[in-house]
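Q: Residue numbers (the numbering used here), protein chains in the order written: chain P, 1104 to 1218; chain Z, 171 to 286.
Bear in mind the hints are in silico, worked out from the structure with no lab data behind them. Keep in mind that a hint or two might mislead.
If you only want the chain Z side, here are some residues facing chain P, beta carbon under 8 Å, derived [to be verified]: (1) R213; (2) M215; (3) V218; (4) R220; (5) A267; (6) R268; (7) T270; (8) G271; (9) N272; (10) F274; (11) F276; (12) G279.
We put the beta carbon where it would ideally sit given N, CA and C, even for glycine.
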Amino acid sequence: NAGVTQTPKFRILKIGQSMTLQCTQDMNHNYMYWYRQDPGMGLKLIYYSVGAGITDKGEVPNGYNVSRSTTEDFPLRLELAAPSQTSVYFCASSYSSGRGYNEQFFGPGTRLTVL
Amino acid sequence: AQTVTQSQPEMSVQEAETVTLSCTYDTSESDYYLFWYKQPPSRQMILVIRQEAYKQQNATENRFSVNFQKAAKSFSLKISDSQLGDAAMYFCAYRSARNTGNQFYFGTGTSLTVIP
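Given only the sequences and the hints, what does the whole structure look like? Please build it.
A: In structure tokens form, the structure reads like this:
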């Protein structure tokens, strides 16, 4: 299994441009997440999804959009990129919630710079 | 929302020595799970160890062990016989056992340096 994969690994955007960060998991996990990690900081949840067709906002959703048309894929869309969105973005997935460890498995991250 | 606090932004340890990383959390729940993740320079988040709140026995994984104090809401990570490959950022994380989307709450991390 490849686990959680993310593309691209690196990207430089100009202010006002748009892009989509791709995330795919092959573990048949129901739950998927997008986080951002600013330098020297922890992870902040942007959006999450508990299954295909269902998404919900996390702590810092402004400036982002997501969709979940399949179990495997959870793309993150940046519209009108701003310098404040310069960060490292992580996608994660987990099997379920409730009882049981249900730890999150992470992708390798995408380093995004907005100039 | 639950909060997770890691009060040590940076720690260092001599190779082969033992180091303890601190983590405290704030919650009104009694059923939850705690995790330590490691983030090496490659940025890949790797699960190190996990603990269920209802288990009194502290979790261990080879050289990694935890000291879980439920009443004090403390969850420290002990690394024994430190190795150069242990150098990384370590994040403590909390998640509720309620069926609420499996949201994890992460601390701000502790950067561990291993001195040869």
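Q: Would you mind marking each hint as holding or not holding in the structure?
A: Evaluated hints:
1. R213: With a minimum Cβ separation of about 5 Å from chain P (threshold 8 Å), the hint on R213/Z holds.
2. M215: holds, 4 Å
3. V218: With a minimum Cβ separation of about 11 Å from chain P (threshold 8 Å), the hint on V218/Z is violated.
4. R220: R220/Z check passes; min Cβ-Cβ to chain P is 5 Å, inside 8 Å.
5. A267: A267/Z check passes; min Cβ-Cβ to chain P is 5 Å, inside 8 Å.
6. R268: With a minimum Cβ separation of about 7 Å from chain P (threshold 8 Å), the hint on R268/Z holds.
7. T270: With Cβ-Cβ at 6 Å, under 8 Å, it holds.
8. G271: Holds. Min distance 6 Å.
9. N272: Because about 4 Å separates N272/Z from the closest Cβ in chain P, which is inside the 8 Å limit, the hint holds.
10. F274: It holds, given that the least Cβ distance between F274/Z and chain P is near 6 Å, below 8 Å.
11. F276: holds, 4 Å
12. G279: holds, 5 Å
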